[in-house]
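Chains as they are written, first to last, in the working numbering: chain B, 15 to 554; chain P, 15 to 554.
No wet-lab data here; the hints were simulated from the structure.
Since the list can't tell identical chains apart, any single copy or any two copies may satisfy a pair.
List of simulated lysine to aspartate or glutamate pairs, DMTMM-like, C-alpha gap at most 20 Å:
#1 K450 x E416
#2 K495 x D297
#3 K495 x D296
#4 K445 x E425
#5 K477 x D488
#6 K428 x D413
#7 K328 x D121
#8 K477 x E425
#9 K286 x D337
Protein chains: 2
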Amino acid sequence: MKLDRLYLYDTTLRDGQQTQGVQFSVAEKRQIAAALDALGIDHIEGGWPGANPTDSDFFDSRPDTKATFTAFGMTKRAGRSAENDDVLAAVLNAGTPAVCLVGKTYDFHVTAALGITLEENVENIAASIAHCVAKGRETLFDAEHFFDGWRADPAYALVCLKAAYDAGARWIVLCDTNGGTLPADVGRITEEVIAAGIPGDRLGIHTHNDTENAVAASLAAVDAGARQIQGTLNGLGERCGNANLTSLIPTLLLKEPYASRYETGVTRAALKGLTRASRLLDDILNRVPLRSAPYVGASAFAHKAGLHASAILKDPTTYEHIDPGIVGNERVIPMSNQAGQSNLRARLAAAGIKVPAKDARLARILETIKAREDMGYAYDGAQASFELLARRELGLLPDFFEVKRYRVTVERRKNRRDRMVTMSEAVVVVKIGGEKMLSVSESMDEAGSDRGPVNALSKALAKDLGPYQANIDDMKLVDFKVRITQGGTEAVTRVIIDSEDGEGHRWSTVGVSPNIVDASFEALLDAITWKLVHDGAAPA
Amino acid sequence: MKLDRLYLYDTTLRDGQQTQGVQFSVAEKRQIAAALDALGIDHIEGGWPGANPTDSDFFDSRPDTKATFTAFGMTKRAGRSAENDDVLAAVLNAGTPAVCLVGKTYDFHVTAALGITLEENVENIAASIAHCVAKGRETLFDAEHFFDGWRADPAYALVCLKAAYDAGARWIVLCDTNGGTLPADVGRITEEVIAAGIPGDRLGIHTHNDTENAVAASLAAVDAGARQIQGTLNGLGERCGNANLTSLIPTLLLKEPYASRYETGVTRAALKGLTRASRLLDDILNRVPLRSAPYVGASAFAHKAGLHASAILKDPTTYEHIDPGIVGNERVIPMSNQAGQSNLRARLAAAGIKVPAKDARLARILETIKAREDMGYAYDGAQASFELLARRELGLLPDFFEVKRYRVTVERRKNRRDRMVTMSEAVVVVKIGGEKMLSVSESMDEAGSDRGPVNALSKALAKDLGPYQANIDDMKLVDFKVRITQGGTEAVTRVIIDSEDGEGHRWSTVGVSPNIVDASFEALLDAITWKLVHDGAAPA
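The shape of chain B in the complex, shown without the other chains (with noise of 0.2 Å):
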């Protein structure tokens, strides 16, 4: 049987813009909307041209994609023609193939926030509609803050999505614009505005989070005969964010009733590139990926009850709901004071080391870890140096070198030209064999920037290792997390550092300390004894 098409609409690049904190650059821009038209998603909003500089550069230099590009914009204003207004011109100028005007249904803001007449407004929605048609483009209809307006006169409402659907709209989207709205009433409304002459297959969804409810509410939406889903990746969007794609996308793939109802344009082949997508995002962002994120986060597939991880091991259906790898997330067994020897085992292994059950060296570990953990250590990120951990108390970590000494300074002073200037410089001693090596380094880059006290470390360490120079000549600082574990003047700071090496390897390490240097320089250390214990490095 022929399934149903459902339509997914990414509105990250415009929608998602709107979150606080979040700008992007035309690069970025760029970079996003290769990803999700590589996930299949239909059509790609990219902003408003002509709203800001950004936008209206990336509308200049879009990337090709099999996604439908979409400019987005507004009605035209009142008092005008559709074809003398500049800031409708402005969008379809951009050049899209399709694009999407919002416009008012809701009375309230007809008056209020436009200052216009219910007439004017129905006026402005069918002459901007039907002038973006003409100009042939899919044109899409944004009824901004519909659901309100439905509840406070169905009638006008009504009449403004007729107008806008009479002129020729490809769609007419119902947004939940303050995000009020719960899934029943969502799906109830809908279901009436079907009823009343607009097809469901004309119908998009366009909900936000304000109650938590707009994965749900989209839901509720497509089973009252919507079928297009308007949302953004990560769920991003103006105030708790819009519908999260990245939660949408594998319900709808991956469960009833809508696996076999309907279709979209990601494959099963795509959705294996749901998590690094997710993960992409939060980069450019440099936002640290929520743990917590349904099918994406890296808690997703963590099990850190005893008693589940114990069936995990028998079973992972016993408490996963969907195969990881299915989405490209993986399963975790986390250490943690909470977990039982079968985690640990089982975490072990994954670090390749074999441990006999009820060997008592694994009750050592555990109170090892939890002492940490309570000094500040997290070991659920940073498995490698869990797995240095585990093999000191195993007996299996030799002594590759010893840190006698280090000495960091950062000074700011006005420098030959009178211009304040900050410079930073790290000295490191350590001993590898019997041979003492003292080096030294500076924090600028090419640039001659300084990089920080951090950065001269690492780059002093780094710069003699004699025997073992060769084994960390690949390394790499991929990444650099900072957490403050107290709050106030007691902070204790952790540093969690990801490494990674020529053939892509990658891994986690982490150091606690008041003194930030010192957190930093002990996950530096774990990053390049793990190195050194993967490569099989020969202690000298």
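Chain B is already provided as a structure; the job is to place chain P on it using the hints.
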């Protein structure tokens, strides 16, 4: 008309503790329990007595609460009587008025995970519940994997529920343990259970957020007739978390049909404490609160889009689904390069700075903000630094003092007793009026342990500010957040510092630099300067 009573059951201290990276101390559990009690939660589940030392200690020293204190455990194991099951005994020995026992209702789990017969499992449920009821406890039965079990074998799942019900369980809690059941199915199955003879006012719902539908699924169960909701503050919990009470509570109190159909233990007055309770939990967890959190997030009522902001200024209801004050949150007009001049003027007004519309300096301030945000600054969260930036542009910022130079040294080496120790020292030279002041400080706390370079700097800076000493003496650094705004070695560091004075005023400042010490220093300077401005200190 008499309202139906809905009961709220909190499991933050038990299921919430299953969150990756979360481990509560006894003191923290007491603090959270008190906050939950102040909100008006009906049941507080404190943990699993006997499962780990912390939980056992907590029950021994638990606070007095209006809420029904509940101990969690599991049904007795096969092959022994309830009286002789030591695990069950430990739960009862906690001496709580209520106990909640988890048990299996899914045939696959009975055989695969427990490895006992289906009959034995039913016997374990009945005997365990009866035993707790006989001991005079309010007894709850957590039907683990109930929805999966019902789909696989509704007859057996029902037999398990009936066993608990007939044995006298006050509440039968339907658990979607793996979190994969969608709201529509939760609603339908809950109706079927009620139709099968378990009254709705004896049914609870326990969902997880693995498809981002935990809140919606809880509402669906209530719509179907269930009368207890289990969840956690901030949606803490295993994997993707539990149903988020922080989102559910305001929805139940403020949204229809719930507001006029049900009553809960949470009063409108207590609801004002919701945001504080949510932030308290994050403080305890040393987590940065989720800005986009529904109702309580810092961005939940932030209006970034220029169009939204200008409408909000006319009438807040245009873009807000509720009044933020009702949940103890507040409206934010964040500063950002997306914002129009109306945002800017509103935010300046909030800082007590009146600037006429269309004033040319407004555009200049916006440009400066854009330029600095491109460098990595973020003024959304740093109102005090935003205010100083604006005052500088407006010529409203006196020159209080000038920093001529500073130097910080961090050194790690062996001390006399041959132990590795770290020490930090800072020298700061400031010029006030004509006078030059040189201050030096170490970063040792009372315990004589090093608190790091930033601590040393802030101490040296605060040591002698001559005429301003009185202004800064009551200042303290209450929080310190570090964000790497570019990964890898090219990392640029953003530091946000929260400061507080004697009257409890709190303000946030930001500093950005590739050098974390420098970034911290910049934020420290802003914090002091803001205090001097607001004290109306006269420039020396």
